[in-house]
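K.L.:
Sequence:
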Amino acid sequence: MELDVLKKIIADVLSVDPEEITEDTTFIDDLGADSLDVFQIIMGVEEELGIEVDNDEAEKIVTVGDAVEMIKKTQGIED
96 MELDVLKKII
106 ADVLSVDPEE
116 ITEDTTFIDD
126 LGADSLDVFQ
136 IIMGVEEELG
146 IEVDNDEAEK
156 IVTVGDAVEM
166 IKKTQGIED
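Take the sequence shown: its position 8, counted from the start at 1, is 103 in this note's numbering, and no numbers get skipped.
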């Protein structure tokens, strides 16, 4: 579920095809995102899922998979 929500938000913010986004996709190298784009994506996640992401954790995000793990951690979901 987290990945699907994240893909939709990424696609909306960056105007990319959500089908091309995987957990290994990097925000900067693969999607061409800058720090403002990543901030907008995180804000979208917070709004959509009703969570608050720790800024220190957010700065560590490199891949979509990192973001999914951060969302799960914030929600208290363990793999």
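It should be emphasised that the hints constitute simulated quantities derived from the structure, not laboratory data. All residues carry an ideal CB built from backbone N, CA and C; glycine is no exception. Treat the hints with care, since some could be wrong.
Listed next, with one range per pair, are the computed distances between beta-carbon atoms [to be verified]:
(1) ASN150 to GLY171: 12 to 22 Å
(2) ASP132 to LEU98: 16 to 26 Å
(3) GLY171 to SER110: 12 to 22 Å
(4) GLU152 to ASP129: 25 to 35 Å
(5) LEU131 to ASP161: 27 to 37 Å
(6) LEU131 to GLU152: 31 to 41 Å
(7) ALA106 to VAL157: 16 to 26 Å
(8) ASP149 to VAL100: 29 to 39 Å
(9) GLU114 to ASP151: 30 to 40 Å
(10) LYS155 to LEU98: 25 to 35 Å
No farther apart than 20 Å at their CA atoms in a straight line, the calculated lysine-lysine pairs in the PhoX-like style are these [claimed, not checked]:
(11) LYS102 to LYS167
(12) LYS102 to LYS155
(13) LYS168 to LYS155
(14) LYS168 to LYS102
(15) LYS155 to LYS167
(16) LYS103 to LYS167
K.L.:
The structure should be examined with respect to each hint, and the outcome stated for every one.
P.N.:
Status of each hint after checking the structure:
1. Between ASN150 and GLY171, the C-beta spacing of about 19 Å keeps the proposed range 12 to 22 Å intact.
2. Checked against the given bound of 16 to 26 Å, the beta carbons of ASP132 and LEU98, roughly 18 Å apart, stay inside it.
3. Restraint check, GLY171 to SER110: a C-beta distance of roughly 32 Å breaks the suggested window 12 to 22 Å.
4. The hinted window of 25 to 35 Å between GLU152 and ASP129 is violated, with their beta carbons roughly 19 Å apart.
5. A C-beta distance of roughly 18 Å is found between LEU131 and ASP161, which places it outside the suggested range of 27 to 37 Å.
6. For the pair LEU131 and GLU152, the supplied restraint of 31 to 41 Å is violated, since their beta-carbon distance comes to about 18 Å.
7. Hint check: ALA106 to VAL157, Cβ distance near 19 Å, so the stated range 16 to 26 Å holds.
8. Under the hint 29 to 39 Å, the C-beta atoms of ASP149 and VAL100, about 18 Å apart, miss the expected range.
9. Separation of GLU114 from ASP151 is about 32 Å and conforms to the stated range, judged on CB atoms against 30 to 40 Å.
10. With their beta carbons about 18 Å apart, LYS155 and LEU98 fall outside the hinted range of 25 to 35 Å.
11. A C-alpha spacing of about 15 Å is found between LYS102 and LYS167, which places the hinted pair at or below 20 Å, so the restraint holds.
12. For the hint linking LYS102 to LYS155, the alpha-carbon distance of about 19 Å falls within 20 Å, and the restraint holds.
13. Distance check on the hinted pair: LYS168 and LYS155 sit about 13 Å apart at the alpha-carbon level, within 20 Å; holds.
14. With a C-alpha separation of about 18 Å, the suggested pairing of LYS168 with LYS102 holds against the 20 Å cut-off.
15. In summary, the hint linking LYS155 to LYS167 is supported, as the alpha carbons are separated by about 15 Å, within the 20 Å threshold.
16. Simply put, LYS103 and LYS167 have alpha-carbon atoms about 17 Å apart, close enough for the 20 Å limit, and the pair holds.
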